Structures are given as C-alpha cells and as structure tokens.
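**Q** Keeping their order, the protein sequence lines are chains A and B. Reminder that position 7 of the first sequence reads as -6 in the numbering used here, one-by-one numbering, no gaps. Residues are numbered in the numbering used here as their position in the second sequence, beginning at 1, plus a constant of 427.
Keep in mind that the hints were calculated from the coordinates and are not lab data. Being a predicted model, the structure only gives us computed values, none of them experimental. Virtual Cβ for every residue (Gly too), placed ideally from N, Cα, C. Check the hints yourself; a few may be wrong.
With the C-beta cut set under 10 Å, the calculated list includes, among others, these residues of chain A facing chain B [said to hold, decoys possible]: (1) Leu48; (2) Thr76; (3) Phe174; (4) Ser182.
Some chain A residues close to chain B (C-beta under 10 Å, calculated; not the full set) [to be verified]: (5) Leu36; (6) Leu57; (7) Pro58.
Footprint (simulated), chain A over chain B, 3 or more residues, beta carbon under 8 Å [to be verified]: (8) 455 to 469; (9) 479 to 486.
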Amino acid sequence: MSDAQTPMLRLDALRAVYDRLEGKAVVTIMGAVAAELQSIGHRPNFFYLQHAMGLASSMGLGIALTRPELPVVVFDGDGSVLMNLGGLTTLARYRPRNLVHVVFDNESLLSVGGFPTATSTGSDLAAIAAAAGVPRTATVRTLDDFTRAFDEALACGDLTTLVAKVAAIGPSGYVTELALLENRFEFQRWLRQSSPSSSTI
Amino acid sequence: MPVSTAASDVIYGALKDCGIRLVSALPETWLVHLIRMAEDDPDMTLVRLAKEEEGVGISAGAHLAGVKSAMLMQNHGFLASINGIVSCAQLYRLPLLMLVSYRGEFGERDPWQTEGGGVTEDLMRALRIPFAYLDHPDHVGRRVRKAQTLAYSANRPVALLLCRDLMWDEAS
C-alpha cells in the first residue's frame, strides 16, 4: 500500500481500477500509461493514442459527446495536459456527464528522459481544471484515495478531472506488440457494436 | 459585414446533405455565418474550441463512435493543428473533413494574413492532404460530397479551401 511517504505507482493505480473499465470506452495517452495498461491486459474497449500529445482528452470528449449513454474514461498525463490546457476549457464548456478524466501526474516527461514538467514547480492541474470550469476536481496521492475518487467519479454522473500524483517510474520500454492500426480498428468496432442505435456510421 | 450569407447557406446545406452531425470550430470572420447556422441547428453538435488542434481529437473520437463530423477553421488554425493531423488523424488513418478559410490569397487586405496564406497550399501538399477550392456556389455541394467520399475511402484527412471569391461579397 502506498502512503504519503512512498509515492503511488501508476501501475498499481491502473490495477486497482482495471475491473471497473469493462464496458467503458477508455482512451489513454502514449508512453508509460499505454504500456502499463497493456501489461495488465489489453481489451477491445481500450484505445492508446500513441502520439499527438494533448489530444487524448479531446478524443474522449468527441466520444463522450457523440455517445452520451456510454461511460468514457481518459487516462491522461501531466505532460500531455500541459500541451493542451485550452482543452480543459473545452471539456468544461461542454461538460460531458459521462467522462472521467484521470491525469497521472508524475511531474516529469518520463518517456523522454524524465525532465521535470511545470507541475514539479507548483503548477496545480486540478486547480487549473477547476478554474477552467470542470465541476469536480481532486488531487489524490494514495491508492485508497485514488480508487475511492475514481469510483465516485464514475458514480456521480458529472465531469471529473482526477489528478493522481504518481512516482516517475515506468516500464523499461514503450513499444508493445499491439499495432496502432489494429488497436484503432478494433476499438472502432467495439464502440460501434456497443452503440444503442444502428443508425450511425 | 460582407461575408456572404448566401454562400455560407450553400456550404452549410452541403454539410447537412453529407450527414455531418458534429462541427468543431474556432471563429474567424469568414466563418461567422456557418458557426451561427451550426449553433441554431438542433440536430448539429457545435463544439467551440480553444485551439483548432483539439478539433482533430474530437473528430477522431466522433468518427470512431460512428458520427460524421467536419472542422471549420482558418488556414492559420490548420497551421496550428498540424501535429494533431499527422500524429492522430494520419497515423491512425482517420477520415477528417476540414473546411479551411483561405486567408491571405489574392485580394487580402489584412497584412497579418498574408504569410500564412502563402504557405497553406505547399503545406497541404507536403502533408499529402488532398484539397480542392470552394470558390463558386455552383460546385460547393458536389465538392464537399466528393471530399467526404475520399476522406472515408482513404481514411485520411482532406481539405476544402474556402476562397475569397465564394466567401466575400465585394465588387473587387
């Protein structure tokens, strides 16, 4: 168990909520988040945006707005959010009730050498999200708090940005066996098959 | 304001005929009527952006979910979206219908539009984004439809350049 002294591991946080992801559209950023979620077990409802930093939350918004009955979970990161801070204002503006926006904040750009991001010098992403107008925001530092806050976010029926402070530790490599396009078409098929109406396309 | 309402009507009608149900937009002068039409349309989801690149992600999500979308932006917004276009839409083979107001071409009076205008077409070619001009109301419907058809068959971004001759009502 992590506590305030030993930082939470992102991998442990993903494991803690993994079973909750069934039936939900899950969009992750590149790097450690994508590799670690795949290491726990890939599912057809998981999409890993392996580049285009900053746009995972925008993709989540696109899915959430067009599929309002479908719960959407975005696993974002501090480096990516910092590249698209304006996206937080768009998220807040349209306030998709079915979107849970998790930001794993390891205060660094881990996959490119661990250089510190601005969250390491005090920029507070939960406060920025709140100021952007996101109705529910929190920063959590322990596994218990993360799991509880994640479950509350899923249950509450409103847009939540949940910043999870995690250790700047990741897997040894980031390339996985899952081809980008295989993931993309599988995810599309899953999304469309889970649609309540067949009138889309 | 001499932005053509009639031309905007024709363009919006073409988008509707193509089954577009979501439009992302960042306002610019030539797009004001189109954005208002999307806003007033109960069957259209209008997403107002902080920066155009967000629209690439939003359209990607909408497409995967089975909803047809279009992006409305200025060519400088296209410049601001390039990483998203390359690293999201092209990398993942996602269709993207971009309507790009072509500022800075012949007739432009705003000095600040001219540099972006001068590089727009070369960048589209460099990115291998197929594009066509919308410069007369008579071919708008056909070209929008054909652009969308190619976007879907190729699973790639395509662009339509909204030209001054179409968008701006003035004698000159």
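**Q** Min Cβ distance, Thr76/A to chain B: is it shorter than 10 Å?
**A** Thr76/A check passes; min Cβ-Cβ to chain B is 5 Å, inside 10 Å.
**Q** Minimum Cβ distance from Leu57/A to chain B below 10 Å?
**A** Interface hint status for Leu57/A: holds (8 Å vs cutoff 10 Å).
**Q** Would the hint on Leu48/A be counted as holding, given a Cβ-Cβ threshold of 10 Å to chain B?
**A** Result: holds, 6 Å to nearest chain B Cβ.
**Q** Quick check on the hint: Pro58/A CB to chain B CB, less than 10 Å?
**A** Check failed: Cβ of Pro58/A comes no nearer than 13 Å to chain B, outside 10 Å.
**Q** Does Leu36/A pass the interface check with chain B, least Cβ-Cβ distance below 10 Å?
**A** 7 Å, holds
**Q** Mind checking, does the region 455 to 469 of chain B have 3 or more residues with a CB under 8 Å from chain A?
**A** Since three or more residues must qualify, the claim that chain A covers the region 455 to 469 of chain B is violated, with 0 doing so at under 8 Å.
**Q** Quick one, is the Ser182/A hint okay against chain B at 10 Å, beta carbons?
**A** 6 Å, holds
**Q** Quick check on Phe174/A please, does its C-beta sit within 10 Å of some C-beta on chain B?
**A** 6 Å, holds
**Q** With a Cβ-Cβ cutoff of 8 Å, does the region 479 to 486 of chain B contain at least three residues near chain A?
**A** Three-residue rule met by the region 479 to 486 of chain B, so holds; n is 7.
Comparing the model with each numbered hint stated earlier shows that hints 7 and 8 do not hold.
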